[in-house]
Amino acid sequence: MSRYIAQRLVWMLVTVWGVLTITWVIGFLVPSDPARIIAGVHATPQTVAAVARLYGFNQPFYVQYVRFLWNVLHLNVGTSYHFHASALPLVMQRLGATGELGLAAVLAELLIGVPLGILTAQRRDTRLDVLVSGGLVAGSSMPTYWFGILLIYVVAFKAGILPVGGFGGYGPGGWSYLVLPAVTYGITGAAYYGRLLRASLIDVMAQDHVRTARAKGLSGRGVLWRHVVRNGLMPLVTQLGIDLANTLSGLIVLETVFDWPGVGSLVVQAIDYVDVPLILAATLLASVLVVVLNFAVDLVYLALDPRISYT
Amino acid sequence: MKSSFRAALGGAVGLSLVLGASGLGLAHGHTRAAAGSSTLNLAVQTDIPSFDPAVGVDTESVEFVDAIYSQLVTYSPTGQTIEPDLATSWAWSDHNTVLTMHLRKAEFSNGNPVTAQDVKWTVEFMLNPKATASLPIYAGLVGAAAYAKHPTGNFAGVTVLGTNVVQFHFGQPEPYFLAALTSGSGSILDPSVVGPDNFSAGKISGHPVGSGPYMIQTYTPGQQLILVKNPHYYMPGLPKTDTIDVKIGLSPSSQLLLFQQHKLDVIGGGLSDSLQIDSSAFLQQYSNPTLHKDYLTNVALETYYFYLNTQMKPFNNPLVRKAVFDAIDRSQLQRILNGRAVPANQVIPPGMFGHDANLPTLKTNLAAARALLAKAGYPGGKGLTFTFVGFNDPTSIKIEQAIQAQLAQIGIKATVKPEALGPLVQGVLTKNTDQAGYALWQDDYADPEDFMWNMFYSQNPGGWDISFYSNAKLDAAITAGDTTVNQAARLLDYNKAQKLGLASYAWIPLYYGVTDILKQPNVEPANKLYYLHPVLQLQLQYLYKN
Amino acid sequence: MLAPSVDEVVRASDVEPRGPSTLVRFVRQPRTWLAGGFVLLLILVALGAPLVSPKNPDFPYPNGLSMIGAPLPPLSAGFPLGTDSLGRDVLSRLIWGSRLALEVGVGSSAVALVGGTLLGMVAGYFKGAVDVAIMRWVDMMLAFPFVLFVIFVAAVFGSSVPIILVAIGILQMAPIARLARAKTLEIVAMAYVEAATASGASRARILARHAVPNLVTTVLPYALLQVGTNITLESALSYLGAGPPPPTPDWGAMVNEGQQGLTTTPWLFFFPGLCIMLTVVAFNLLADSWLTAIRATR
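Residue numbers (our numbering), protein chains in the order written: chain B, 21 to 331; chain C, 53 to 598; chain S, 715 to 1012.
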């Protein structure tokens, strides 16, 4: 077991290193002079040259790369070209907002998807199943950003019930700002879990030992909860882990649509300015998050089902 | 219904009710500014890049740098004359190479007095490469270049004659120096904020201390900026509003909505990167007569132009350049911009000294353009393809596509390549990279030198002669204009330079920018010069609500 | 995203291939006709765009804007779905946009299908170090902040249809590789058994006779499902600014343009998004239908 954990940790480090390196290389290949961007559009060549010397931009690429890795180990991902401040703290500052939105979004997905998944499994192949399943398919076929804009237009702009966008703070006063983004993501993502749960539950329900339990006279509700749901939830947990990378990507779009001051919208801005240090900081954060969360999910899965071995 | 499903449904409904209920109340998640005093409510779309005057020269930062700091001189409301600010009087001597200024008794927001020594320190800071100052306004001072290389020891370009008397020494006359001092880069800094050996842009931006009308109470990146009145501000009766609450991160459509709900007091102008309210906001106020009197507009000191690289095919051929020149339809561009653009006929915008009122309007002439193409060896535009670069914001992309379609009318196949600022700048400054492009020059200060020397002077290494067009007569006219003190003579020099520039067809003036704002009826004064000052944009210290 | 799990699809195809029957079951479902009809219509419109499109999609018509430069609403004379902020015909742009959607959607799925199947087959057949290497690469792909990466590359080097197509294709190879590998492992196990009991026939021959059709049946619906996903992915990338260069009519980019004028010209964001939705629904229903046909024996 500890060997497994050690192996995973090494692999996680390698993955993060790999992603970071690829991003750094692309940043290096950007056809623009970082000294010029920092110094500003109107700066004299002397200023630009001075800035280049200051940041070591005229050194050979391997020197810069090693310097970069060394700095990363000291939690310094460089200075943002646009904001003239250290890049990593700028990104970390925004983590809370993204975390809140991410949580609300996944919660919404599950709150809508799980009950509907259970319902359609119980009522499989009835009219209700066809209707709800169809609705789920339609919901997941909508581009998230389009549905978000639609909700903004109808609910926030025309009806004026909820705010148009932005962030309202972490307290209850800010929850109204969370509703539209969460609902958008929830409706477009619910099908993912709903359909999965339905298929998994149907499989489990058809299994012999469930039929036996029913035959023995156990009440319908008891059968459902104790055997079916618990076993049927396994694929859900797995998918949650896989879904994480998707969720992070989805958050980028969600934050852009709703003016949400999270890491995602910062990254889009950073790319707009080609602010390489900021992009690197966000990439570092994203890849670390994904590998760590994936690892956590795998540990949970391991705990839930000791039959599965990871050697 | 199965009870399990009922439970889940109940939970979902319950949660939505709670969320909905909190949403029906006032959606005020932000910190409230001090109750009781009046507050001006504003919004900006992105984080403010920097409060450091050395680097905060972009549109987003300048507005707030101007609110927090003050400069030695400032502009009159019309922007036509220079007025005292921190300096109460000044005089040129020694054939206009020495400028002596007397300072008023003033203090920074932390109570420290503003002294001549502070002015000298500020200049040394701006010249120091570690400050990465964007605008080289002090580059003409004696010994500036040497000091920039080795920022140690005494800098001879500025001398302190007394607690409140400071002197600037120039290599040659700089008639535009006072204008340059009015910009944010001319802000005076308090040395005590940053130690002498460890200053950097980040430090100053994190704790900005200035002598301007406002100071920062709180700044939460991505969310909110609160400015409060600087108790030590020296101009009597100003600022008129004690508190300014700026919400950060709101898109133009969000801002418009909040404005309609009376939660924002002013939108557009210097608060927006484009110096304008966005297209939707404009169209809405256009169709709503009650909003007309609160919609204010002014010409902005900026020129949008299309440049052609004279060192690359196909634009090394002047016939091709003139063909493109003749094919541009400025009225269509104006229409696409909702009429909020003034067709241009020269580089220096109207409202600025140096503008030549005698130049004719530029007209579209497709027939002439086609004839020129045929003469140049591209009959019907056949074989003439090129790529042009430009900004990547939505409005610029619209204009770029419009130009592309206009050139298609005479058979030219142009490809549009919108780029981020960094690669764009790098490309235009490198000789053989970009064939053509859509560009903008915005004034840093209201003097033609800012335009002419930067854009046309061919001997300016790393300068903005992005057409790489070289003409000795043009250079000479510019140099004359930059160093002559007599304003009438300067005007003649610049007129000559502009005519020569236009005759090259390497720069095609497109339109002058228009800046506008929308304000609530109860926001005073209604004088547009305080909202749309030609150079200083929104003058926050003059605004108040009834 | 609607993808079923690897386990689910492998188990679903865990029966002896009954080619014609599956097809019949596929064709018997009404939604196959509904969705298939729409897809066919879309293909016809895309192929016939030069004929079907009423106007030039890239041309800013002078009468396409009001005097003050406002776009025309739907049901305006000559512009059935209105115009955009440059005066271009929305309907024409939507029609031409279908080309791009299908090109990228189908193209990237094809890339993912071929690449992913090959990778998975190689991993499952050779096992050992090759298998580990390939699967590690797949894991890295799944952990990669893809959207971030693509818009970064696009901002730096410019974007084009082939680049986006290949980028999405490479990303989507990962889940298909996993699927193909799992199925290949199964098939290889079966092939050994068969070889042990039968006489003469080589492992390779058996694999070719059983593996490939089985593999294709398994992976195809997944790839079909990916068409919808890929179209959405491309439109999201376009929405974030990484789409093909202007003035290419692209549904995702049109939604982005439309959002700017949300309060005055809501039709500009609505119609392109609706097109994306309908297209994705159609492909999803088709894939779903196929999966049901495979599963129907259970």
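Incorrect hints may have been included.
No more than 25 Å apart at the CA atoms, straight line, and that leaves these computed lysine to any residue pairs for SDA-like [what the hints assert, rightly or not]: (1) B/178 <-> C/572; (2) C/201 <-> B/178; (3) C/315 <-> S/737; (4) C/281 <-> C/93; (5) S/841 <-> B/84.
Cβ pair distances, simulated, as ranges [stated by the list, open to error]: (6) B/181 <-> C/402: 54 to 62 Å; (7) C/577 <-> B/45: 35 to 43 Å; (8) B/119 <-> S/788: 55 to 63 Å; (9) C/431 <-> B/77: 43 to 51 Å; (10) B/78 <-> C/212: 34 to 42 Å; (11) B/34 <-> C/163: 52 to 60 Å; (12) B/109 <-> C/212: 14 to 22 Å; (13) S/770 <-> B/51: 52 to 60 Å; (14) S/748 <-> B/51: 26 to 34 Å.
Hint data in this document are derived by calculation from the structure and do not stem from the laboratory.
For each residue, glycine too, the CB sits at the ideal point set by N, CA and C.
Hints and how they fare:
no. : hint                        : verdict
1   : B/178 <-> C/572             : holds, 21 Å
2   : C/201 <-> B/178             : violated, 60 Å
3   : C/315 <-> S/737             : violated, 61 Å
4   : C/281 <-> C/93              : holds, 14 Å
5   : S/841 <-> B/84              : violated, 39 Å
6   : B/181 <-> C/402: 54 to 62 Å : violated, 47 Å
7   : C/577 <-> B/45: 35 to 43 Å  : violated, 55 Å
8   : B/119 <-> S/788: 55 to 63 Å : violated, 41 Å
9   : C/431 <-> B/77: 43 to 51 Å  : holds, 48 Å
10  : B/78 <-> C/212: 34 to 42 Å  : holds, 37 Å
11  : B/34 <-> C/163: 52 to 60 Å  : holds, 56 Å
12  : B/109 <-> C/212: 14 to 22 Å : violated, 38 Å
13  : S/770 <-> B/51: 52 to 60 Å  : violated, 33 Å
14  : S/748 <-> B/51: 26 to 34 Å  : violated, 49 Å
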